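Put chain Z on the given structure of chain U with help from the hints.
There are 2 protein chains.
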Amino acid sequence: MTTMAAFTDICQWSSFHCQPSLMVPRITCTGNWNHHGLSSSFSWKLFCPESASFKFSSSRRLVARRSYVPKKGIQVVSPNIGSQTLTIEFLNAWDDEYGGVIVDPESLPSSANAFASTLKASISNWKLKGKKGIWLKITLEQADLVPIAIQEGFLYHHAEPGYVILTYWIPNEPCMLPSSPSHQIGIAAFVINDKREILVVQEKCPCSCPGVWKLPTGYIDKSEEIFSGAIREVKEETGVDTIFLEMVAFRHAHLVAFEKSDLQFVCLLKPLSLEITVDEKEIQDAKWTTLDELVQQPFYQEDQMSKRVIEICMEAYENHYNGFIAHQLISKFDGKQSYLYYKETMTE
Amino acid sequence: MTTMAAFTDICQWSSFHCQPSLMVPRITCTGNWNHHGLSSSFSWKLFCPESASFKFSSSRRLVARRSYVPKKGIQVVSPNIGSQTLTIEFLNAWDDEYGGVIVDPESLPSSANAFASTLKASISNWKLKGKKGIWLKITLEQADLVPIAIQEGFLYHHAEPGYVILTYWIPNEPCMLPSSPSHQIGIAAFVINDKREILVVQEKCPCSCPGVWKLPTGYIDKSEEIFSGAIREVKEETGVDTIFLEMVAFRHAHLVAFEKSDLQFVCLLKPLSLEITVDEKEIQDAKWTTLDELVQQPFYQEDQMSKRVIEICMEAYENHYNGFIAHQLISKFDGKQSYLYYKETMTE
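Protein sequence lines correspond, in order, to chains U and Z.
In this text, residue positions in the first sequence follow full-length UniProt numbering: the first is 1, and each later residue adds one.
In this text, residue positions in the second sequence follow full-length UniProt numbering: the first is 1, and each later residue adds one.
The shape of chain U in the complex, shown without the other chains (with noise of 0.2 Å):
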C-alpha cells in the first residue's frame, strides 16, 4: 500500500522522541488494514459534525440526513426542507492526527472539471471545519490536475517519479507542516587487509580527481543502513566481500545537488575477499594499494578532508581509536526496531 505507506505514522519519524511543530499526516489506526474500509471510516470521522449523521457512497458523494432513507449508494440530505433535496459532492479523504487532512488519492476524479469543483468545495468545507494542513498526492497519470490544485492555492511539497504531494495550509498563522527530506546519505569505505594494503579505486567521473585513487564511495539505498550501504558499494564496485567494524567519521556538506545536503559516513571494513572484480560501468580501475602509494598522491596532498579520514581509518584500524558501532534497539513509540550509532561503553 505505498499510497497508505506514504502518510506513515510520525512517530516513527522520531523513535525516541515526538515531534509537535511537524504535522505530518498520520493515520490513527495503524497495522495492516484495508484502505478503502479505512478512507471511509475515516472520511465518516472527518466529516461527522455533532449536529447531523453523515454517510458516503462509492461514488465520493457526502449526504447529510436527519432521516437515513438508502438510495442506490448514494445517502441524501433531507434537512427540514420538506421534500427539497440538497447533495454536496466532496474529496474523500481523512483525518490526520495534527487537525489536517489526507485526500484519498485513489479516489481523486478523473475529470479535470469535476476535480476542480470538488476540490474547491472540499476546500471551503475544510476551512468551516477548521482543519490546518491538508495532504493531496497525484500521481504521473493524473497530472492534468496539478495545475488545478496549484491555482487553488496548493504548493508543491516533495515528489518521487511516479507521484507529486502538494499541501494547502489553511490556517492564518505560519505553517507548521514539514519541509521536504534535505539530504542524501553517502559512505565511503576504508577496506584495509592483512597485508595493510588499502582497497582503492579510480572513478569513471567526467568532473573531478581523474586517474586519482580514492576509497569506494556510494550512496545508499532508499531504506537500507549504513553499514549494509558500505558493504554492497565496495561489493559492487571491486567485487570484495567485506563486513563492517565501525563508522570512524562522517562529513555534512550543504547546498550541493538541488540545494540539498549531504552526509557521508566513512565506514571501516575487514575483506573477507581479496580478489578484485573491477564494475566497468562505474569504475576505472580498482586495486590494492600501500598507504604510502595513496597519501602520496598529489591530490590527497592537497585535500585537507580526504588526509585527515585516512588518518582517522588507520588509528581506527590501529586500535588507537574508537568510531561508532550499529545497535538495533527497539522504540516504544513505533515498537520497531531501528540502529543506534554508538561508540561500545564500559556497561558494554
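No wet-lab data here; the hints were simulated from the structure.
Every clue listed holds true.
Derived list of chain U stretches under chain Z, where covered just means 3 residues or more per stretch with a C-beta under 8 Å from a C-beta of chain Z: (1) 143-151; (2) 155-162; (3) 183-190; (4) 244-254; (5) 295-309; (6) 314-325.
The following label-pair restraints were derived from C-beta to C-beta distances: (7) Z:N172 with U:G211: 29 to 37 Å; (8) Z:T289 with U:G211: 53 to 61 Å; (9) Z:Q337 with U:C175: 26 to 34 Å; (10) Z:E173 with U:I276: 22 to 30 Å; (11) Z:Q337 with U:L272: 34 to 42 Å; (12) Z:P210 with U:K195: 53 to 61 Å; (13) U:G239 with Z:L272: 47 to 55 Å; (14) U:N172 with Z:E236: 20 to 28 Å; (15) Z:K270 with U:N172: 33 to 41 Å; (16) Z:L140 with U:N113: 16 to 24 Å; (17) U:D292 with Z:E275: 51 to 59 Å; (18) U:K270 with Z:K204: 46 to 54 Å; (19) U:K270 with Z:L272: 41 to 49 Å.
If you're wondering where the values come from, they're calculated on a predicted model, not measured in any experiment.
Just so you know, even glycine gets a beta-carbon here, dropped at the ideal spot from N, CA and C.
The following block gives chain Z in isolation, referenced to the frame of chain U:
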C-alpha cells in the same frame, strides 16, 4: 540565484569523492555568475556541432548557419539550399557534466502549445545528439506545463513549495540519475548543568508520549549544521543558552514520514544559562530534573532506545565516553569548508 543553485556543482555533493554513477546537473562554471549570460554560453556549447556554428537569440530561437548574418537578434540557418531558410525552435538549455541537459527554467514558453511543440522538438534534438538525462524545472506559475512534460515522458524528480523538477532519461539503459533526497536530519539535546540536572520538556504532541518528560528534540533547518541546530532547538523550546560539546550517538530510522528515512543525532550540550522560558507553541512545559526522575518514568523503563541514549549521554558527561566533535576542513573537490565529525585522536 535559486534557479542556478539548484544545479550546483556535483563535486560538492561528495567533498572527498566523486560519484560517477550519479548524473546530477552541474554547471562547469563556478562562483557568482550571470544566469542569462551563462545560459546562452551553455546553449552555444550545447547545440554547437562540428559542422556548423549555432547561436541563440533572446527569444530562444536557435538557427544554424554557414555564414553568420545578424538579423534583429535572430540568427538564420542557410545550409546549401540556396536562398531557402530553415528555422527550428528549441528550448534554451545547457550541458551538464554528465552528458545531460539542463533546460533554462527562466525561458520556458508561457503558452502551453508553444511549450508542447518546443519540448517535442527539443527532445528529438537531444536524442539526435546522444544526450542522457534531461532536467526540467517548472515553477508554480508555470504549472500548466507540468501535464505536457509528463505527456512527453518526463517523470517527477523532487519538489520544493515553489517548483517541481522533472527528469527525462534518454538512453536505452537503466536510468543513472540520482534519486531525490531521502532523509530528514533531527537532533536530540542532552543538556546537563553543574548540579547534574538535565533539561527536559513535555511536548504538545497529539500522537504520542503525553505527559512524558523527554530531551528537547527537533529538525535542523536547511543548510544548518547539526551542532547549531541542537543549540537553536534548545534555545527555542526552553530559552536556555548552550554550547555544543560532542555528538554521542545517532539513530537511523526507515519508512518514516513520506516513506523516507531519518537520522537523529544525540548531542551533549553545556548550558550557559539556567532560566527556562517555555515556547508555548511547541512545548507544554520544561524543567531541570534529576537523572532518576527522568529514567524512572514508566515510558523510559519500557523504551529500550531512550534508556540507552540517556546512559550514553551520562557516560559522555562523566568523561567515560568520547563522541564525535565537529572539525571544519577544506576539501579540494569544491574548495569549500565543511564539517567532518570524528573523535579527537591521539595525533591531535
